[in-house]
Amino acid sequence: MGRIFWGIGLLFGALFSCTSSNDRISFNEDVRPILNQNCLPCHGGVKANGGFSLLFEADAFAVNNSGQTAIIRGNARKSELYKRIIHQNPELRMPLDAPPLSEDEIGVLKKWINQGAQWEEHWAYQKPVTPIHIPKDQHPIDYFVQRKLKEQGLTPSAKAALPTLLRRLSLDLTGLPPQKEWLNQMQEGLSYEDLVDSLLDAPSFGEKWASMWLDLARYSDTKGYEKDPHRNIWRYRDWVVKAFNQDMPLDSFTIRQLAGDMLDLPTTNDLIATAFHRNTMTNTEGGTDDEEFRVAAVIDRLNTTYEVWQGTTMSCVQCHSHPYDPIRQEDFYGSYGYFNQTVDADLDLEVPVLEIYPPEKMEEMEELIKEIASLSPRTPPEFANDPYRLKQFIFPILMPYDAADFENVSFYGDGSVTNWIYNLQSMTGKRFRFSFPEIPLSGLIGIKMEYESKGGDAAIEIRGKEAEGVVLNHSLFSAPENGRGVHEIKFSPQDLEGSGLFFEIINTSGKIPEGMVIIRRMELAYESPSFFAEGAKEKINQLIALRRQNGDRTPVIRSKSKDYERANRLFVRGNWMALGDSIPLGVPAAINQQEEYPTNRLEFAQWLVHTDNPLTSRVMVNRFWQEIFGRGLVLTSEDFGTMGEPPSHPELLDYLAVQFSTTYQWSVKKLLKHIVLSQTYQQSSKMKGDDLVDPDNQWLSRGPRWRLSAEQIRDQILAVSGLLYDTLGGPSVMPYQPEGIWQSVYSGAQWTLSEGRHAYRRALYTYQKRTAPYPNMITFDAPSREFCVSRRITTNTPLQALALLNDPAFYEAAEHFGNTMKKKGKGDLKAALRYGYQQALFQEPDEEEIQILLDLCQNAESEDPLTLAANVLFNLDGFLTKE
Amino acid sequence: MNLLDEALFERHQLSTRRHFLKACATGLGSMAMGSLLGATDPQTPHFIPKAKRVIFLHMAGAPSQLELFDYKPLLKELNGKDCPPSLLEGKRFAFISGVPQMLGPQANFARHGQSGAWISDLLPHFSKMADDVCFLKAMHTDEFNHAPAQLLFYSGSPRLGRPSMGSWVTYGLGSMNENLPSFVVLVSGGKTPSAGKSVWGSGFLPSIYQGVQCRSKGEPVLFAANPNGMSASERKKTIEAINQINEKKYQTFKDPETLTRIGQYEMAFKMQMSVPEAMDIQQEPDYIHEMYGTEPGRASFANNCLLARRLAERDVRFIQLFHWGWDSHGASSGESLDNGFLQRCKEVDQPMSALLKDLKQRGLLDDTIVVWGGEFGRTPMLENRNGVANPFVGRDHQTDAFTIWMAGGGIKGGLSYGETDEIGYSGIKNRVHVHDMQATILHNLGLHHEELTYHFQGRDFRLTDTAGNVVKEILA
Amino acid sequence: MGELHPIIVHFAVTLLFIAPLLFWLTQLRLLHFLKDLVGPINGLGSGMGIIALWTGWQLATTGFYAGDDFENHRFLAFAVVIIGAIATALLFFGRHETIFSGYLIKLLLLAQGVLILVTGNKGGVLTHGNKPWIKTPKTLSLDKMEESFTIYDGLIQPIFDSKCVACHQEGNKSGGLALVNFESLMEGGSSGPVIEAGEVYQSLLFERITLSKSSTKYMPPTGWPLNYDEINLIAHWIATGAEKESNLIDHPLTDVRLISYVEEVYGVKNGFQSKIEKQNGPVWTEDVENILKKYPQHVKRIAANTNWLSLKIDSLFSKELLEEVSNITTSIAWIAAGKSNITIEDFSLLGPLPNLVRLSLDYNSWDNQAVSQLVDYPSIEFLNLYANPVGEEGIIRLLNGANSMKKLIIGSTLVKEGEKSGIIKNYPGIEVI
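Protein chains in written order, with this note's numbering: chain A, 1 to 883; chain B, 1 to 476; chain C, 1 to 433.
For reference, chain A alone in the conformation it holds in the complex (with noise of 0.2 Å):
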C-alpha cells in the first residue's frame, strides 16, 4: 500500500507543480498601472469593497472582509487576488462587470506576486538621487535629451536661424517681439548669452511669466458667482510681476504668498503677497450662507496650493481617500487646518483688507500723524496689522473694521460692524462677536457708540482681556427716533491691567429687524493723563476722513487670533455641514520627508519649499520647461501621481530639480537662463521627416513650435504695430470689447473702453471678468480663472481666424501698421511690404512672399491697400507661432 499513495503523492505532485520564470516585475511600472486602470475604482480610496484596498501597501496585505489576506507575497496561485482574476464564474472575476484581464497583465501580476509582491513607492514620492553624474564637456540638458534620442533612434535638429533664434527667445522670456538692432549688435560682439541676461532683466520678463503665474493663482478682476461684482485686487498682479523681475527666489516667493502676514513685521508687500488666496472666488448673492462660501474658498486654497506646489489633486480627497494616489481624507483636513485658521469669512467687504493709500496722501497722513503725536501725553498702543500707524493715531477712536478678528458679523465700507447678515437662517446660536486686543484697559472710564438702531432689542456686551473675560458692560441700544443714535457706556475707572476689548452683540428678542444693529465709531474715555489734547480731535477726524476718502482696498490674509480660533473638523463625505472628528494638523505621509509636521501656515509653507519636499522642486522646474518647450518634461504637468504621465526624462528632471532648489537657490532667471543656453533649446523646430514618428516632439529632436498664447498675440500686434503702451502695473484696463458680452444678472457694471494709451496695454491688464471673460483670451485658449489652471490646452480653430482676421482691435493695429509701412516704404509698394514683413516676422521674405502681398495690394480695392497687407501678416502662420 506504502507504494500506493507514494504513486498518489506523485501525481498531485505533477498536478500542482507550477512553473515561474524569473525576469523581474517592477511595481511602478508595471503592475501600478494595471491596478489603478482595473481594480483602484471598487478596492481604491473610494470603495474598499470587500474591505480590500489596495491603495496603501498596509491595506492591500492587510486581512480583508473575508478573514484572510488577498496577497500571499511569493505565491499567486493562494492568493485570493490571482484567483478571482482567473476565475471562470464571471460573477465571482475581477474585475467585476468589465471584460476580464488580458493574458498578459494577469501574467503580470502572477508574476509579481510570485516574486513576492514587492510594493514600490510612487517615483514623484522619493527624494530624486544625487549626486547626478554629468560629462563635464556637454551642456547637462542636451546631455540628457540626447541620450533619450538615442534610445528614440532619433537625432537633434541644427540650430535654428539667428533671427528665428532670437524671436523665439524674446517671445519666450519677455513675451514680447524681438528688437532689430540686436541683430546688428550681434554683429559688434554681443554674445548670446549677453542678449539672454539683457532679456532677464528686461521689466517686460515679469509681465511675461506673471501671466504664467495668474493662471495658476487663478487671479481676476471680479468676484465670482451670480453678479460677478469686480474686486480690487490688481496690487497682487503688480507684487507677481515685481517678484519675477527682482528674481526673488521661489522660496520666498512661495512663504510670503502663503503666508507673509506671518513673517515678524511683515511689509506691505508681504501683506500683498497674501492676496494670491484671496483670490479665491466670494458669494455676494442674497440668501447665501457666508460659511458656506468661506468653507469652498478655504478647499479651493487647499485644492489650489497643492496643485501648484505638489502636482497633487487634493479635489477628490475632500469627501474620499484618494482613488488612486495614497493620501487619505483625513490628510486633507490635515492641511485643510492650515488654511482654516484666517480672518476672512465671504464678507461682501471681503475684510481683512489692506489699505493703501496714494504717496501724496501718505504725505498728509503723515504731517497729521506727526501733529496728532506732538499733542499726545501718552504714546497710544501699537495696531498689529497696521503698517501704516493710522489705526493708533486716530486712537482712542476707533473703526470697527480695523478689529483684529470677529465672528459671524459683517462690515460696511465706512467702517461700521452690523450682525446683520443675509441668511437669515444661518443667524440661529451664532455669536456676533469683534475684537481690539491691543486696547489698554487701565483707566478706561467709558465707550461712546455711534450706532444705528431700528428697535430696542439689540444689546452689546463688552469684556476684558479675553473673549470669554470679566464682563465690563452689558447693556441695550434704546430705539432713538431718527435711528440714530450715541450709546455711551460709564465703567467704573477700570482697576484692570493688561489690554484687550472683546465686543458681543446679542439680538436679545432674536427678532429682525428689532434686534438689529450697526455700529459706525466708538469712542474710547480714559481718566486723565489722556491719550491726546483736546486740540488733536479734529486733526484725528481729519485723518480718519482722509483715510475713507483715499484708502485703496486689497484683500489680504490674516490668521484669526486664538480667540476666536476655529475648529478644524473632518467633513463626513465632503459635506461641510456635516461635521466629523477633529484632525490635527498635517501633510499626506507619502510626501512628508521630516518628523515632523508643520504646526501653521507659515511653517507649512517653508515645508512645502524645504529641500526635503521630494515634489516642490520638480513641479516647478517642469512648470517653467513647459512654457518654454510647450510640453512638461511630465505632461500632467498638474498631477505628478500614480494617474498622471511619468517623465519623458525622468534623470533631466531630477537633475534640473535639484540644481534649481540647491546649485541656484531658487533663482528662476538662473534656471530659465540654464535652459535657453541649451543646444536643445537652440534647435531648429523644422521637422526633418525621420520625427514625423514624433509629432507632439516629446523627445525634443526639434526646437519648440507653438500657436503663441493668447496675451503674446495681442502684446505682438500691439507691439509691431507700435501701438502698445508699455508701462508697468496699475489698475486693470479695458480695451476694445463687442456689445453684449457682458451679461452677468443684477450687475450694473459696464465695459468702458480706457481712456487714451490705456486701451493699448498688453493683455496682461486686460480687465478680467469670470463669468464674461475677454473674448480674444478665451478664443485663444485663456482659462477664465475660476480654479487654478497648470495647462493650457492649445486649439486652432475658425473663430481664432475670425478674431484675427475682423476683430476691430487688431485691425486698428493692421492700418495703423499699415501707415507706418507706407511712410517706410517712401511710395515704393515693395520696400514697404518688405519692411512689413521683416517686422512683423523679423526674417527676410522670399520673392515670392512678396510678390504674393504685392498682387493682393495692386488688386485691392480699399484705398490703403497697406493696411490689407498688415491685415494678412497679422494671421500669417510665421506670425502667430513660435518657431
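These are calculated hints, taken from the structure and not from any lab test. Quick caveat: nothing in here was measured; it's all calculated off a predicted structure. Careful, some of the hints might be misleading.
[What the hints assert, rightly or not] Calculated cross-link-like contacts (lysine-lysine; reagent style BS3-like; alpha-carbon spacing at most 27 Å):
1) B/128 / C/425
2) B/237 / A/830
3) A/361 / A/227
4) C/420 / B/128
5) A/686 / B/254
6) A/227 / B/128
7) B/50 / C/406
8) B/412 / C/293
9) B/412 / C/406
10) B/237 / A/823
11) B/357 / C/278
12) B/472 / C/407
13) B/50 / C/122
14) B/50 / C/339
15) C/293 / B/254
16) C/312 / B/357
17) C/425 / B/357
18) C/420 / B/412
19) B/248 / A/830
20) B/50 / C/278
21) B/128 / C/407
Given chain A's structure and the hints, the job is docking chains B and C onto it.
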C-alpha cells in the same frame, strides 16, 4: 504618428494644395470640395446608421423629473412628512442636511397619447408629442455637482480635458457640409452652463473637432463681419494670400498645425458667408414663428430651437442647445419650483414641441436624434439647506434617478423605459447610466462606442470611458 | 472533494484497464520481464478506485445525480474496486503456478477490464449525457427572418436541445418525456401532457423549470439551468397558443428585453428591417472604387461593414455625375436630393436603381406625373416629398405600385389634410406624415 494625424496630413495636403487654390481661382462661392472639418475624409460609420445628426437640448441646472414626467402619487401623500432616515443613509446631497421633509409633485399629471405616457400639465404642448418620444425614466449618474455632472454627461468623465460628445461624433463621422461647422452650440438663459466651454471642447482630440458657439443675438458668430465694410471678395483675396504664404511655411516646417490653420482660414471665410444666412430666422414664414413662439433678435430658447432645425436642414452634424436656470433649490425665487421653474417650463415647452413636430413633418426626425434632459435629477425631499427649510419650494440634486427623453433617429417612440421606486428616489427597473445613453446615441449613428477610440497618453480613450452598454430595448 | 472525482476516477480507470492488458501481454516471452509491474499498477489502480469511490460519494451528495444510470454506475464501481482489490492481493501473495489462482486471476482481471469500461461509460453518461452539448443555439442569418421562421423551431427547440435532451431523449425518456421535437413534447410524459396551450401556469413543463432550484423536482437537475429570457420565451410561445407554426410576425414579442435577447442570441429581428440590413449589397466593381475617389463629397459608403452606397445630389450636381453613377446603379441604396432642383428626367439618368431604399426629394418641384414615375423603383422604403407640388393623385398612383414603401413624407405638398387622412386609412402598412 497615429492614423488620424496621417489622415489629417493627407487630407490637408489634398484639400489645400489642389482644391483650395483651384477653388479660390474659380471663386469660393462655387466651391464644391470639402472643408477641412472632415467633410472629405473617408470617415464611415462602423455599421449602417439609423441617424445622421444629433440635437441635444440640455436644461442646464437639472430640471425636476418629479414635476414633469416621473409621476409619484405616493409622494403626494407623503408631502410634508419627515423623510425616513433610511432614505438618507449613505446618500450625498449638494445641500440637504439633517432630516428634510418629503415634497409631493408640484404639478398635476395625466396620461397622454396612445402610449399613455405620464406628463405634467406644465408641458401642455409637449404632451401632444408623447407618442413620438421615448422616456428614459431610470437614468442615473455619478456626479452630484453641476460642472462635473455636465462634464460626465458630455465627455464621459467628470474631469476637464476629455473630448465632448460632439467632438467624438464629428471625429468619428466627419462633417456633412462644406461651409458650416459640423458641431454648433447655442446658449440661452443668459449664461453658459456651469462646466463652461469644456462641454463642447475637443479635449485631446485635434481642435478642429471643437464645438462652435453661435449667438442668436448680435453677430451670430463673434467677428464674423468684415471690418470697415471690407467686401467679401476683398476678404477672399486676403485669405488667399494668407493661405498661400502659410502653404509655403508648411513646405519648410512640415508642421501639421499649419495645415490645420490653412483649413481654418478657409473655414472661417465660408462661415462668414453661410453662418449669417443659416442664422437668419427672419427668413422663416409666420406660421413657423407662431409654431415655435420665436421673436427674432432675442437670445431665447425658442429662437435656438428654430435655429437648430435650420442647422439640421443644412446637415450640421451635432447641435447642442443649453438653456440655463433649472437649478431649483428654492434658495431664491428665480431658482425655485414655485417660480423660476414654472418660467423655464413655459420657455421650453412650446419651442421643443415645435422642433419635434417641424423635424417630423420635414422627414428630418427620421434620421435626427433629439435628446432632452439635464445633468442629473432632483430629490423627492424638500431641500432644507443647513437643516432649515429654504425660503422657496425646491429640491436638491439627485444622482440616482432622473428622466430624459429621446426621439427620432432610430429611437422607439411612445415608449417609457425604466421605473423608479414609489417616491422616485432611485431607479428599480431598467436603469440607464449616462455612459449607456452615450453608447446608445453613438450606436444609432452607426458607431460602436468601444471602437470609436483615440490614442492619448499611452491609452485608447473613448467617450464611454470604460463602461456603457447600448440600450437595445429603446431602439426602433 | 466531490469535484476531484473526475480527475481521480480517470487514473483509476486507466490503471485498472492497463493492468489486465499488461498481464496478458506478459504472457508473451518477449514481455515476460514486465510481469512484476502488473501487481503494483493494479494495486495503485484499485487504491485510486477506492478514493474515486469516496469522492464519487461526495459528488452524489450534491443531489444533481439520480436515476438508473447513477445507481448502475455506483454498483459497478463497487464491483470493480472489490475485484481489483482481490486481484491485487492474489497478484502479490497468490501462487500463480496453481491452476486455480492462475485462472482466477485471469478471470478476475478480465472481468475487471470489462467492468471498468462499462462503469466508466455510465459515469460519462451521467456527467456529459448521451448527446454532445450544444453550447449556444444555432443562430439564424437575418434574411431567414421571413414568415417561414417559426417560434418553436427557431427559438424553443434550441433551448430544449441545449438544456434538456441530454436526459429527455428517445430511448432514454427521463420521466417518460422526450423533448427532441414538437411532437414528442406534445406527447407529454408519464404524468401526462406538459404543455397547456395558452395556459402558461397550468403547463407542467413551465412549472418544473420555474421551481426553486433546491426542489428535487426542479429541472434541469444538473447542468446549466434555463435563464430568465429562455423561460420567458417558452412562456411567450405557450401563451400565444403553443402552435408548431406560430411565428413572430403573427405573435410579435412585446417585452423589450426579450426582443433584444432574441436579436442578440438568435440574430432574429422582431420588427421591420430594411432591405439593406438583410443583404450586404453587390461586391464592388472597379467603377465603384473610381467613383468613390472621384466624388468623395457625393458618393459615400454607407457603413464600413456593407457595400451599399449613398448618393448626395446638391444644387450644383452635374449630369456627368449622374451618368457615371448609373454604372453602379445596383450599389446605390440611399439618395439625398433635397433642394437640388433635380427633375425626374435627370433622375432617370441614374438607371434602374433596383436597391434604392431611401430617397429624399424635399424642396424640389416634382408633380403628380413625376412622383408617380417613382413606381419604377421597387425597393423604396422611405420617401421624402416635403415641399413638392405633388397632389393626392400622384401619391396614390405611387402607393399603388410601391410595395416596399414604409414611410412617406408629404408635408407642404398639395395633398390636403382630409386627403392625407384618407391615404393613411387606405394604406395601413405605411406611415404617412
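Hints, one by one, checked against the model:
In summary, the hint linking residue 128 of chain B to residue 425 of chain C is supported, as the alpha carbons are separated by about 21 Å, within the 27 Å threshold. Taken as a hint, the residue 237 of chain B and residue 830 of chain A pair is honoured in the structure, with Cα atoms around 18 Å apart against an allowance of 27 Å. Only pairs whose Cα atoms come within 27 Å are accepted, and residue 361 of chain A paired with residue 227 of chain A is rejected, the gap being roughly 33 Å. Restraint check for residue 420 of chain C and residue 128 of chain B: satisfied, since their Cα atoms lie roughly 20 Å apart, inside the 27 Å limit.
Distance check on the hinted pair: residue 686 of chain A and residue 254 of chain B sit about 7 Å apart at the alpha-carbon level, within 27 Å; holds. At roughly 39 Å between alpha-carbon atoms, residue 227 of chain A and residue 128 of chain B are farther apart than 27 Å, so this suggested pair is violated. Taken as a hint, the residue 50 of chain B and residue 406 of chain C pair is honoured in the structure, with Cα atoms around 15 Å apart against an allowance of 27 Å. The suggested pairing of residue 412 of chain B with residue 293 of chain C is violated, with an alpha-carbon distance near 36 Å, which exceeds 27 Å.
A threshold of 27 Å between alpha carbons decides the hint, and for residue 412 of chain B with residue 406 of chain C the separation of about 15 Å falls inside it, so the pair holds. Between residue 237 of chain B and residue 823 of chain A, the direct Cα distance comes to roughly 24 Å. Compliance with the 27 Å bound is thereby established for this hinted pair. As the CA atoms of residue 357 of chain B and residue 278 of chain C are separated by approximately 31 Å, the hinted pair breaks the 27 Å bound. For the given pair, residue 472 of chain B sits about 22 Å from residue 407 of chain C by alpha-carbon distance, which is consistent with the 27 Å threshold.
Only pairs whose Cα atoms come within 27 Å are accepted, and residue 50 of chain B paired with residue 122 of chain C is rejected, the gap being roughly 55 Å. Simply put, residue 50 of chain B and residue 339 of chain C have alpha-carbon atoms about 22 Å apart, close enough for the 27 Å limit, and the pair holds. Straight-line distance between C-alpha atoms of residue 293 of chain C and residue 254 of chain B comes to about 26 Å, which keeps the hinted pair within the 27 Å bound. Proximity of residue 312 of chain C to residue 357 of chain B is assessed by CA-CA distance (about 25 Å); at most 27 Å being required, the pair is judged to hold.
At roughly 21 Å between alpha-carbon atoms, residue 425 of chain C and residue 357 of chain B fall within 27 Å of each other, so this suggested pair holds. Only pairs whose Cα atoms come within 27 Å are accepted, and residue 420 of chain C paired with residue 412 of chain B is accepted, the gap being roughly 24 Å. A distance of roughly 20 Å separates the Cα atoms of residue 248 of chain B and residue 830 of chain A; the hinted pair therefore holds under the 27 Å criterion. For the proposed pair residue 50 of chain B and residue 278 of chain C, the alpha carbon gap of about 15 Å is at most 27 Å, so the pair holds.
With a C-alpha separation of about 21 Å, the suggested pair residue 128 of chain B and residue 407 of chain C falls inside the 27 Å cut-off, and the hint holds.
Of the numbered hints listed earlier, those contradicted by the structure are 3, 6, 8, 11, 13.
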